[in-house]
Amino acid sequence: MSDEVRDDGYDDFMDALEEGEPYYVECANGHASLPPRRLCPECATDDLGEAPLAETGELLTYNVTHVPTPEFADDVPFVLGIAEFGDVRLTGQVRADSEDVEVGDTVSIGTDVSETNGERYIAFDLE
Amino acid sequence: MTKFGEMADRTGRDLFAEAGETAIEDAGIDRGEIDALYLGNFMGELSERQGHMGPLMAKMLGLDVPATRVESACASGGMAVRQGIQAVRAGSADVVLVGGVERMHNMGTTGATGGLSVAADDLWEIKHGITFPGAYALMAKRYFETHGGDREDLAEVAVKNHANAANNPLAQYQTEITIEKVLDAFPVADPLGLFDASPITDGAAAAIIVSEDYAAEHDLDAPVSITGTGQGTDDLALQHRDSITWTPATADAAEEAYADAGIDADDVDFLEVHDCFTIAEVLALEGLGLYDEGEAITAAREGETTADGELPVNLSGGLKAKGHPVGATGLAQISEMTKLFRGDHVNSDAVEDAEVGLTHNAGGTVASAVVHVLEVEQ
Numbered sequence: 000m001s002d003e004v005r006d007d008g009y010d011d012f013m014d015a016l017e018e019g020e021p022y023y024v025e026c027a028n029g030h031a032s033l034p035p036r037r038l039c040p041e042c043a044t045d046d047l048g049e050a051p052l053a054e055t056g057e058l059l060t061y062n063v064t065h066v067p068t069p070e071f072a073d074d075v076p077f078v079l080g081i082a083e084f085g086d087v088r089l090t091g092q093v094r095a096d097s098e099d100v101e102v103g104d105t106v107s108i109g110t111d112v113s114e115t116n117g118e119r120y121i122a123f124d125l126e
Numbered sequence: 000m001t002k003f004g005e006m007a008d009r010t011g012r013d014l015f016a017e018a019g020e021t022a023i024e025d026a027g028i029d030r031g032e033i034d035a036l037y038l039g040n041f042m043g044e045l046s047e048r049q050g051h052m053g054p055l056m057a058k059m060l061g062l063d064v065p066a067t068r069v070e071s072a073c074a075s076g077g078m079a080v081r082q083g084i085q086a087v088r089a090g091s092a093d094v095v096l097v098g099g100v101e102r103m104h105n106m107g108t109t110g111a112t113g114g115l116s117v118a119a120d121d122l123w124e125i126k127h128g129i130t131f132p133g134a135y136a137l138m139a140k141r142y143f144e145t146h147g148g149d150r151e152d153l154a155e156v157a158v159k160n161h162a163n164a165a166n167n168p169l170a171q172y173q174t175e176i177t178i179e180k181v182l183d184a185f186p187v188a189d190p191l192g193l194f195d196a197s198p199i200t201d202g203a204a205a206a207i208i209v210s211e212d213y214a215a216e217h218d219l220d221a222p223v224s225i226t227g228t229g230q231g232t233d234d235l236a237l238q239h240r241d242s243i244t245w246t247p248a249t250a251d252a253a254e255e256a257y258a259d260a261g262i263d264a265d266d267v268d269f270l271e272v273h274d275c276f277t278i279a280e281v282l283a284l285e286g287l288g289l290y291d292e293g294e295a296i297t298a299a300r301e302g303e304t305t306a307d308g309e310l311p312v313n314l315s316g317g318l319k320a321k322g323h324p325v326g327a328t329g330l331a332q333i334s335e336m337t338k339l340f341r342g343d344h345v346n347s348d349a350v351e352d353a354e355v356g357l358t359h360n361a362g363g364t365v366a367s368a369v370v371h372v373l374e375v376e377q
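In the order they appear, the protein sequences are chains A and B.
Once you know that position 16 of the first sequence is 15 in numbering that gives the first Met the number 0, the rest is easy, because the numbers rise by one and skip nothing.
Once you know that position 66 of the second sequence is 65 in numbering that gives the first Met the number 0, the rest is easy, because the numbers rise by one and skip nothing.
Everything labelled a hint here was simulated from the structure, so no lab data went into it.
Please note: incorrect hints may appear among the correct ones.
Incomplete in silico selection of chain B near chain A, CB under 7 Å [to be verified]:
#1 Ala89
#2 Gly133
#3 Asp189
Yeah, the Cβ is synthetic: ideal placement off N, Cα and C, and Gly gets one too.
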């Protein structure tokens with residue numbers, strides 16, 4: 000990684016995800032969100048804590064990206080999806096052949112790195 | 000507005016100067032009457048290392064007035080219109096120049112894709128590979144799963160909008176296309192192909208907005224009134240929305256604009272909506288309350304939204320075929336609808352008796368939306 004300067008909150012999340020202990024931000028009223036947060040985006044309370052992310056999620060939708068941003072120029076084609084882990088949804092790349100992917104699939108979550116620039120991203124694996 | 004198309008060598012300032020001058024001449028006012036400039040632009044910093052465009056563009060038109068750039072991604076132009084309306088309504092200006100400009104082709108396809116992507120959430124979307132074709136592909140896939148429909152239904156939207164642009168001299172693509180051509184096109188982000196996507200476009204557009212009192216006092220020929228304006232905001236990241244296929248920002252903007260104009264959705268005779276991708280036109284028609292959720296997918300196929308249909312949509316060719324210089328799009332909608340109403344647009348015959356038109360301009364995956372109601376007295 001070339002992260003001489005970190006994105007606090009986000010990189011802490013990605014570190015935890017790499018270590019297999021991903022979490023999300025949960026407020027005192029039970030609303031889920033992703034870091035960094037100083038207050039809940041739903042109810043604006045500043046009573047925030049961390050809660051463990053569900054181990055598996057449901058793939059809500061996906062695409063097969065052929066025209067990428069410059070950061071993924073050497074990575075295409077890839078499957079990109081949104082998966083729901085309990086109350087939290089995340090966007091990531093599905094590490095599978097597009098022919099094998101269906102909406103509703105159960106996925107687990109981890110990290111991978113871009114073949115283009117070595118930066119890490121969220122990866123889903125079919126369960 | 001300028002001709003839309005591929006003009007990689009033309010600077011943003013030159014494009015805007017042409018559009019602004021055209022608007023001033025068309026309005027028939029002296030430039031000294033202009034009180035303020037609001038300019039929509041999305042990514043001048045990325046495309047030509049140019050921020051701070053307000054003062055720059057004012058001088059390109061020989062104006063010495065307060066000049067402000069407005070940025071809301073692809074809704075920047077529509078938001079500039081709204082800022083201008085609010086300045087006039089607040090009484091701080093009688094005459095405003097509102098405009099928008101975008102230079103894109105000099106970035107190349109990958110560069111423009113990267114530039115546009117910054118309208119998404121950097122931490123939770125861009126870093127993981129999202130693009131705008133990709134984001135709308137996620138919406139289309141979910142729509143098919145939830146409500147039904149398929150790529151051929153979306154292709155009907157592209158075919159319709161290309162047909163509308165076929166004789167529009169300002170459109171980027173003045174060519175009709177077939178369903179087969181859309182379905183067989185290169186998959187930019189499956190399930191969306193190249194012809195589901197609006198093109199990369201260079202261009203600018205502008206309009207003069209005056210107060211009712213000013214128009215009356217100066218005996219101006221200003222037949223089109225903007226009677227309603229509304230704006231909506233949603234979570235920036237698509238993943239954070241309650242629904243991937245319902246766009247509350249559009250619904251909120253429409254509700255406010257309808258109330259402002261004192262109309263209902265049923266009163267709308269024709270529309271220019273933000274069809275950056277074919278699926279976006281479907282989601283817009285539902286969000287605007289013109290179709291129930293899950294029902295607009297067949298609108299183009301059934302001929303309801305074609306030029307000779309009950310509710311013509313994107314008679315200009317839309318973003319899809321007219322082109323989408325993102326910061327200029329909201330202004331191009333106003334410019335084209337004004338001509339459609341006045342009778343000097345190539346497709347004016349389709350809306351000869353129309354009294355109420357609506358423009359819908361969206362930013363990102365509709366995290367921003369702005370709606371305007373335009374009316375004429377028949």
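Against which earlier hints does the structure fall short, listed by number upward? 1
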